[in-house]
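Chemist: Each chain, written out:
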Amino acid sequence: MVCVGDRIDTDMQEGFLRGHGTQVLDGQLVATECGLVERVNKLVSVRPLRQRYSAALGDIVIGRVTEVAGKRWRLDIGARQEVSLQLSSVDLPGGAQRRRTAEDEIKMRTIFKEGDLLSAEVQSLHADGSIALHTRSAKYGKLTGGDLLYVPAALVKRQKHHFTNLTTMGITMILGCNGMVWLAPTHEGSSAAASSTSAPEQTAAKAPASAAEREAVSKAANAVRLLASLSMNISPASLLNVCKVCAERGVQAKDMLTASFIGAMLEEESQQRLQTSL
Amino acid sequence: MIGSDEKDFIRGGFKADIRSDGRACNDSRPLSLSLGDLQPCSGSARCTLGSTDVIVGVKAELGAPLPDSPDCGGLHITVECSPCAGPTSQGRAGEALSFELAKCLERALNAHPSGRGSALDLRALSIVSGRTCWVLCIDALVLACDGSLLDALSIAVRAALQNTRIPLVEVGATEDPDEEPELELDDDPANAKQVDVSRVPIIVTVCQMDDAFVVDPTAREEEAAEQACHIAVMPTGNVCGMFRGSGAAVTPFALQEMMSLAQKRGPLLLQAVGKSIASAAMSMET
Amino acid sequence: MEFVTPEGLRRDGRRPKELRQLKCDIGVLSHADGSASFSVGNTQVIVSVFGPSVADNRAESLTDRAIVKCAYSEAHFASGARWQKKGRADRRTTELASTVRNALEETILVDLFPRAQIDVAIQVLQADGSVLAACINTAMLAVADAGIPMKDMLAAATVGYLESTPLLDINHTERTGNGPELLLAMHVNLQKAITIIEESAVTSEALEAMTELAEQGCKAVGRFLRENLLEHIQRHATVRGVTVK
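Chains as they are written, first to last, in full-length UniProt numbering: chain A, 1 to 278; chain B, 1 to 286; chain C, 1 to 245.
Source of the hints: derived by calculation from the structure; they are not laboratory data. Just so you know, even glycine gets a beta-carbon here, dropped at the ideal spot from N, CA and C. Where hints are given, some of them may not hold.
[Claimed, not checked] With the C-beta cut set under 7 Å, the calculated list includes, among others, these residues of chain B facing chain C:
hint, residue
1, G36
2, L38
3, S82
4, L141
5, E226
[Said to hold, decoys possible] Computed list of chain B residues with no C-beta within reach of chain C, every gap over 12 Å:
hint, residue
6, K59
7, D68
8, S69
9, E100
10, A124
11, R131
12, L168
13, D187
14, A190
15, A219
16, L268
All chains should be built: construct the whole structure from the sequences, respecting the hints.
Modeler: In structure tokens:
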């Protein structure tokens with residue numbers, strides 16, 4: 001654990017590679033961030049608790065369209081860099097594989113328009129630092145009929161599965177590496193997102209959420225909010241854990257964010273850790 | 001910014017009486033109050049309503065009464081959006097918002113120079129008729145905005161006024177009626193007088209989407225809703241002011257609905273505020 | 001008015017080299033990338049930091065580094081005498097914002113973020129002397145909370161000079177003595193002065209004494225800030241289930 005300006009101990013190693021959060025001053029490795037020192041082989045870096053999201057190749061993110069212009073959409077994913085989604089990086093309706101025409105350009109808004117939410121993957125980082133996304137896979141695309149949450153990106157670790165079906169709750173969750181989390185009722189036989197290849201009729205056919213489904217979504221949403229407020233990592237497991245405690249104590253969804261339940265959650269967490277360490 | 005699909009989901013939530021955070025249309029978010037943190041002030045309060053965070057400081061200053069109401073004290077209200085609240089609270093938009101908020105609060109407190117119909121007894125602030133009076137300067141600051149700003153502000157104003165202590169003033173005797181009398185301020189806090197807040201209203205924000213009405217909307221809900229009204233409710237349950245937010249015109253029927261909803265919520269909210277103030281006061285004494 | 005008694009006590013009972021009580025809270029505003037609240041005696045400041053993010057205005061952005069923007073605001077209720085603000089930006093607040101911005105630009109590793117923008121919003125809640133130093137200290141904590149890399153720990157302190165005595169961390173009453181005032185902001189580990197502001201006529205001996213005291217003050221504040229930052233990390237690391245060796 002180090003603070004800005006602290007010397008990082010490299011005496012034990014023969015040589016070191018300078019990673020993020022460090023700088024070399026007078027041959028000494030010095031921290032530039034406050035956080036925890038990570039040593040992976042010879043790479044020494046400092047990871048802070050929080051940081052504005054910085055996109056990396058292959059990251060799965062959720063974003064909101066802010067602009068539609070000139071063969072690409074501009075998105076807001078809460079990142080350090082500028083983000084765009086090229087028309088050529090999106091599957092055309094009907095699954096056509098062809099060159100994008102002027103007509104396609106005009107019809108861009110029929111695919112995604114301003115304000116729409118979508119899931120995508122980071123395709124490439126350009127020389128000027130900006131990010132290009134793509135949705136060329138059935139699992140990516142427009143997100144409708146669910147709830148969006150914002151949490152600190154640092155609480156979403158890069159994991160194997162960012163798309164999860166929480167079957168016990170009947171909810172599908174998408175954990176964006178950028179800290180945007182999507183929760184929606186699971187619909188039989190379809191993926192979380194309405195991909196751009198599906199015809200508009202198919203997307204509209206999604207039934208509006210029932211009261212029971214909404215209860216489940218709000219419960220899951222509050223679980224995420226609670227984890228975020230406690231600065232705990234957000235994963236399907238931690239979310240289900242919170243819901244479990246909630247059910248055990250008979251706490252309603254709307255009371256999950258009260259001081260008393262938050263305290264109860266902390267108690268549970270420390271108990272669980274005690275048990276696992278024994 | 002909010003998309004049309006998101007609006008639809010929120011609309012559905014209002015209809016089903018299950019909002020994003022599980023609240024029913026009639027439920028308010030958790031409220032917390034902290035009193036007396038600001039040293040330079042005669043009274044202060046910080047209120048958090050969900051993620052909305054506001055601070056109000058009250059200063060009692062000596063001033064002169066207005067010529068047409070010589071027996072009344074004065075009342076000034078300002079509202080500021082802190083740059084900390086985010087880039088959206090800056091510039092012209094931020095200033096316009098601050099101005100609107102101040103105006104609404106002023107009208108809710110009905111700071112009328114005549115002292116009539118005012119939520120505060122301005123006559124109690126008079127020291128020497130026609131010459132000197134107390135002026136209550138109420139300054140509000142928005143630190144974080146997540147909807148229902150007027151609700152949080154009015155609660156903080158009420159709590160800050162309740163926390164306010166005005167020094168006792170002894171007016172020296174003068175032989176000559178035109179002579180300026182000497183004033184002596186009693187420093188003893190035990191002798192300081194309190195402000196009567198029994199008629200101070202709180203504001204309840206009600207949003208409408210189709211046929212559903214919700215109280216204490218979050219910023220997202222406010223953005224999604226088509227109409228919003230801010231209704232000032234007295235502790236008695238009487239409505240004493242109504243301000244329409246932005247959006248399309250509200251039908252008379254909708255207005256009725258919103259008013260009755262606010263009238264029901266107002267006293268309940270005041271109870272919660274009262275409890276919060278009491279527990280805040282207790283924790284200060286320990 | 002006497003500011004220092006013959007026994008060497010100040011009006012509030014402090015010794016000339018004594019700081020007022022320091023308190024801070026890190027991560028107080030969840031909607032910002034980083035935030036902090038800091039108080040020294042009755043002076044209290046909150047700062048929120050947004051970024052690094054894409055610059056709002058392409059024309060303003062720099063191709064080789066980030067720009068730092070600073071907004072400064074003092075609450076109407078902040079000081080004993082309520083002063084009427086003439087609009088948002090008057091010369092005094094612009095200068096104050098500028099001073100903090102310069103100190104941060106020297107501290108933040110801006111070269112790592114070309115074309116980006118970092119927004120620092122400063123809100124003074126209570127002003128009881130040594131406000132600018134408090135703003136710099138709070139900003140440092142908020143920038144650290146936002147995970148923005150810095151060259152070194154930045155700490156600031158104000159020193160006054162009344163009745164031939166340098167006084168560390170002057171309060172409002174002491175300011176009314178209208179003596180010289182020195183603000184020093186420095187990189188604590190590198191022992192480098194970043195900002196020095198002293199605006200009135202003062203003898204070189206007095207200046208030397210004031211500067212030395214200010215350095216000591218900065219180091220003491222730096223230690224406080226470091227302790228609190230480490231404690232904050234410890235607490236959060238524990239919650240996240242990371243063992244800290």
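Chemist: Taking the hints in turn, state whether each one holds.
Modeler: Against the structure, the hints come out as follows:
1. G36: violated, 12 Å
2. L38: holds, 6 Å
3. S82: Status holds, d = 4 Å.
4. L141: holds, 5 Å
5. E226: The hint is violated - E226 of chain B has no Cβ within 7 Å of chain C, the shortest such distance being about 25 Å.
6. K59: Non-interface label fails for K59 of chain B: nearest chain C Cβ at 6 Å, not farther than 12 Å.
7. D68: Holds: least Cβ distance 23 Å, greater than 12 Å.
8. S69: Check passes; 22 Å lies beyond 12 Å.
9. E100: holds, 16 Å
10. A124: Given a closest Cβ separation of 21 Å, the condition holds.
11. R131: holds, 21 Å
12. L168: L168 of chain B clear of chain C: closest Cβ-Cβ about 20 Å, beyond 12 Å.
13. D187: holds, 15 Å
14. A190: holds, 22 Å
15. A219: violated, 10 Å
16. L268: Given that every Cβ of chain C is farther than 12 Å from that of L268 of chain B, nearest at about 27 Å, it holds.
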